[in-house]
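Student: Spelled out, the chains give:
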Amino acid sequence: MKKICNLFSFIGLCIMAGVYLLFAFPSRMRKKKDLYVFACDEAELPVQGVRQYYIDYPLRGRTVTKKFFIVNTGKELLVFSSVCTHLGCLINWHRTENRFMCPCHGGQYDNQGNVVAGPPPAPLNRLPLKIERQKVYIGLRV
Amino acid sequence: MGKFFEWLDRNFRIKKPHRRFLYRSIPEGVNYFFCLGGIAFALFILLFISGMMLAIYYVPSENEAFASILRIDNEVRFGWFIRSFHKWSANLFIVAIVLHTIRVFVYKAYRHPRELNWIAGSLILILAFASGFTGYLLPWDQKAYWATEVGTTMARTVPLLGPYLCYFLRGGQDVTGATLIRFYVIHVLYIPLFMCLLLWAHFHLVKHQGVKGGL
Numbered sequence: 001m002k003k004i005c006n007l008f009s010f011i012g013l014c015i016m017a018g019v020y021l022l023f024a025f026p027s028r029m030r031k032k033k034d035l036y037v038f039a040c041d042e043a044e045l046p047v048q049g050v051r052q053y054y055i056d057y058p059l060r061g062r063t064v065t066k067k068f069f070i071v072n073t074g075k076e077l078l079v080f081s082s083v084c085t086h087l088g089c090l091i092n093w094h095r096t097e098n099r100f101m102c103p104c105h106g107g108q109y110d111n112q113g114n115v116v117a118g119p120p121p122a123p124l125n126r127l128p129l130k131i132e133r134q135k136v137y138i139g140l141r142v
Numbered sequence: 143m144g145k146f147f148e149w150l151d152r153n154f155r156i157k158k159p160h161r162r163f164l165y166r167s168i169p170e171g172v173n174y175f176f177c178l179g180g181i182a183f184a185l186f187i188l189l190f191i192s193g194m195m196l197a198i199y200y201v202p203s204e205n206e207a208f209a210s211i212l213r214i215d216n217e218v219r220f221g222w223f224i225r226s227f228h229k230w231s232a233n234l235f236i237v238a239i240v241l242h243t244i245r246v247f248v249y250k251a252y253r254h255p256r257e258l259n260w261i262a263g264s265l266i267l268i269l270a271f272a273s274g275f276t277g278y279l280l281p282w283d284q285k286a287y288w289a290t291e292v293g294t295t296m297a298r299t300v301p302l303l304g305p306y307l308c309y310f311l312r313g314g315q316d317v318t319g320a321t322l323i324r325f326y327v328i329h330v331l332y333i334p335l336f337m338c339l340l341l342w343a344h345f346h347l348v349k350h351q352g353v354k355g356g357l
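Those protein sequence lines, which keep their order, are chains A and B. Heads up: the first sequence runs through residues 1 to 142, numbered per the numbering used here. Heads up: the second sequence runs through residues 143 to 357, numbered per the numbering used here.
Hints are computed from structural coordinates only; laboratory data are not their basis. Incorrect hints may appear among the rest.
To be verified - FRET-style restraints, in silico, Cβ to Cβ:
(1) 11(A) x 318(B): 50 to 58 Å
(2) 283(B) x 43(A): 31 to 39 Å
(3) 135(A) x 203(B): 34 to 42 Å
(4) 25(A) x 199(B): 30 to 38 Å
(5) 306(B) x 110(A): 46 to 54 Å
(6) 298(B) x 14(A): 24 to 32 Å
Said to hold, decoys possible - These stretches of chain B come out as covered by chain A in the derived footprint (C-beta under 8 Å, 3 or more residues):
(7) 288 to 297
(8) 313 to 327
Just so you know, these numbers come straight off a predicted model, no measurement behind them. In this text, a Cβ means the ideal position worked out from N, Cα and C, and glycines have one as well.
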């Protein structure tokens, strides 16, 4: 009898823990979707070097601002997300050092997005770029 | 002993059941470093009281959290003082707990028969860190936001479960108002509750096993 009681209280506790976890876990695990957002006119693209852009786009009824960089290496245009691959801070471009630097833990990237110093485990995320009728669109995953 | 306390004791009988706690024998070789645990507990009580005061004016919402902090700082009488008090008590609380842990370690007070008390103390240390981390988001300013962004991204480095853990902590993909409410509830409800239970267990074991004296 005592064994059965113990078993039932154990099962009850397990069910309660399960219900709690299911309740507290956010219910909508939203799939990220690709979205092309207008960034600037083609004439505003950098001729040489790095330029910083801010774009606003709507997300779930509110406006979100995103910072990113467009690099013209002379051969091609590269678009980089400003999110550091280490722990998600926003990097800045330092022209004097010719590097992207993260203010949080000292991660550094060159103008191709490769890690040159600090803790980041991967190069900067490259974003797709689309030019249509002299307008530049950036592909974001939101 | 005051007259009031004697009257209270006559009616409420508070002294007799706590006799073993109030009149304890102290071993030899005790010094002022043995006060660190008591200092940490005193700071916990101060945090509890100042936290109860701050909770009257704080609004845990995405749009109003920072505004309510400004109101506490600028409009509420002694608001700036209570907020600073809570902040500095929290810092000193962590310092006192860490020093207390070092004292226990140096005096080898974690050894048998006190291993369970060491475990309880470790859980209290973890809860104190968790309280500091969740409380850091509540002002909802730039520093709070980015500290939480970094802190919750760290959870992602856990093998296999990492992304789910991060999602669970944030209450969504990004740090948003859902994260703020989660952290607020953990900070004001979950942690103080479990902290009180663990502190009671910690003190019960100290009472039961006595203080370990000198080196």
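Student: Against this structure, judge whether each hint is valid.
Tutor: Here is what the structure says about each hint:
1. 11(A) x 318(B): 50 to 58 Å: Once the Cβ atoms are compared, 36 Å apart, the range 50 to 58 Å for residue 318(B) and residue 11(A) is violated.
2. 283(B) x 43(A): 31 to 39 Å: Holds, since residue 283(B) and residue 43(A) (Cβ atoms, about 38 Å apart) stay within the stated range.
3. 135(A) x 203(B): 34 to 42 Å: The hint (34 to 42 Å, Cβ to Cβ) holds, given that residue 135(A) and residue 203(B) are roughly 38 Å apart.
4. 25(A) x 199(B): 30 to 38 Å: 31 Å, holds
5. 306(B) x 110(A): 46 to 54 Å: 34 Å, violated
6. 298(B) x 14(A): 24 to 32 Å: Given a distance of about 28 Å, which is inside 24 to 32 Å, the answer is holds.
7. 288 to 297: Coverage by chain A holds for the stretch 288 to 297 of chain B (5 residues, Cβ < 8 Å).
8. 313 to 327: holds (count 4)
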